[in-house]
Amino acid sequence: MSKQSGWKIAATEGATIDGRTITKQWIEDMAEQYSMAEYGALIWPEHSRSRWDKFEGKNWGTVDEVKSEKRAGKYRLLVKVTPNKYLLAANADGQKLFMSIEPDPDYCGSGRCYLMGLAVTDSPASTGTTLLKFSKKNGEENSHEYSQLEELDLSDVLNVDHSLIASAFSTIANFFSSGGQLPTIKQQTSEPEEDEEPMNSEQFSQMMGKLEKIEEKQTELESKQTEFSAQVQKISVSPEEETEPTKNDEQEGITPEQFNQLSGKLDTLLTKQSDMENQFNALKKEVPNQEPEGEGVSSAEAI
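Residue numbers (numbering that gives the first Met the number 0): 0 to 302.
Accuracy of the hints is not assured; some may be wrong.
Taking lysine-lysine pairs in the PhoX-like style, the calculated list, with each CA pair at most 25 Å apart, reads [as the list claims (entries may be wrong)]:
id: 1; residue 1: K84; residue 2: K53
id: 2; residue 1: K2; residue 2: K23
id: 3; residue 1: K73; residue 2: K23
id: 4; residue 1: K84; residue 2: K23
id: 5; residue 1: K7; residue 2: K69
Derived from the structure by calculation, the hints contain no laboratory data. In this text the structure is predicted, and so the values were computed from the model without any measurement.
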């Protein structure tokens with residue numbers, strides 16, 4: 000649906016029509032009497048209503064409201080219009096930029112002036128007046144005059160953002176002047192937020208004390224592992240060397256069930272030892288005043 004324009008100056012007091020001057024009374028009459036219900040004025044290209052010319056007798060919009068207003072010491076006739084697609088396309092192409100009113104000075108024999116139509120044209124130099132004649136259905140010929148030109152600006156209807164257009168042309172110009180290189184976009188880099196404060200000397204000493212305890216436990220585990228391995232060697236005898244155990248051997252040795260239990264515990268100890276060794280190596284890399292890694296802190300707290 001087409002958008003209605005703002006107020007546009009369609010005629011000015013003192014302009015001439017067919018040798019006669021547009022008066023304040025004419026402007027006031029047109030403003031007071033105009034009604035879409037009475038007679039809605041249409042917009043015509045070059046005042047043409049003929050179906051045989053290039054405009055095919057099509058109107059280019061409607062005149063919705065009319066008012067009078069004094070500006071710069073002269074009375075002006077202002078109109079609000081709703082342009083259709085034909086007028087919008089022409090205006091966007093820089094065509095039909097001027098308006099000319101088509102008044103009837105003696106509307107229906109009332110002796111008062113009425114706005115019968117509004118024309119858009121390309122001829123700003125044609126400031127004279129011309130008599131427009133067209134035929135009614137009953138064959139009678141009616142005459143209406145139209146005025147000198149007023150500029151038509153539909154920028155409020157077209158909604159064109161000229162700043163964006165200027166920016167686009169500037170970018171294109173820079174592209175060619177720089178040898179075909181597009182402008183680089185600077186990416187903002189945010190500094191990482193500090194979640195924890197750096198480790199001080201006291202904290203480092205506490206950490207090293209815990210690490211020494213881990214090292215002592217590891218030494219104990221290694222001793223137990225060596226002792227356990229020696230016991231395993233006693234019972235790991237080949238089938239040829241197997242002899243029936245004596246009573247004393249049964250008391251000093253271990254049973255197969257005990258051996259399986261010890262093997263399971265040994266595997267568990269070896270796994271834990273390997274994990275602690277990895278954590279220990281990682282923590283030994285820490286130095287005072289250095290922010291500890293997440294893994295190191297969690298390991299120390301777990302001890």
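_So, against the hints stated earlier in the document, which numbers end up violated here?_
2 and 4
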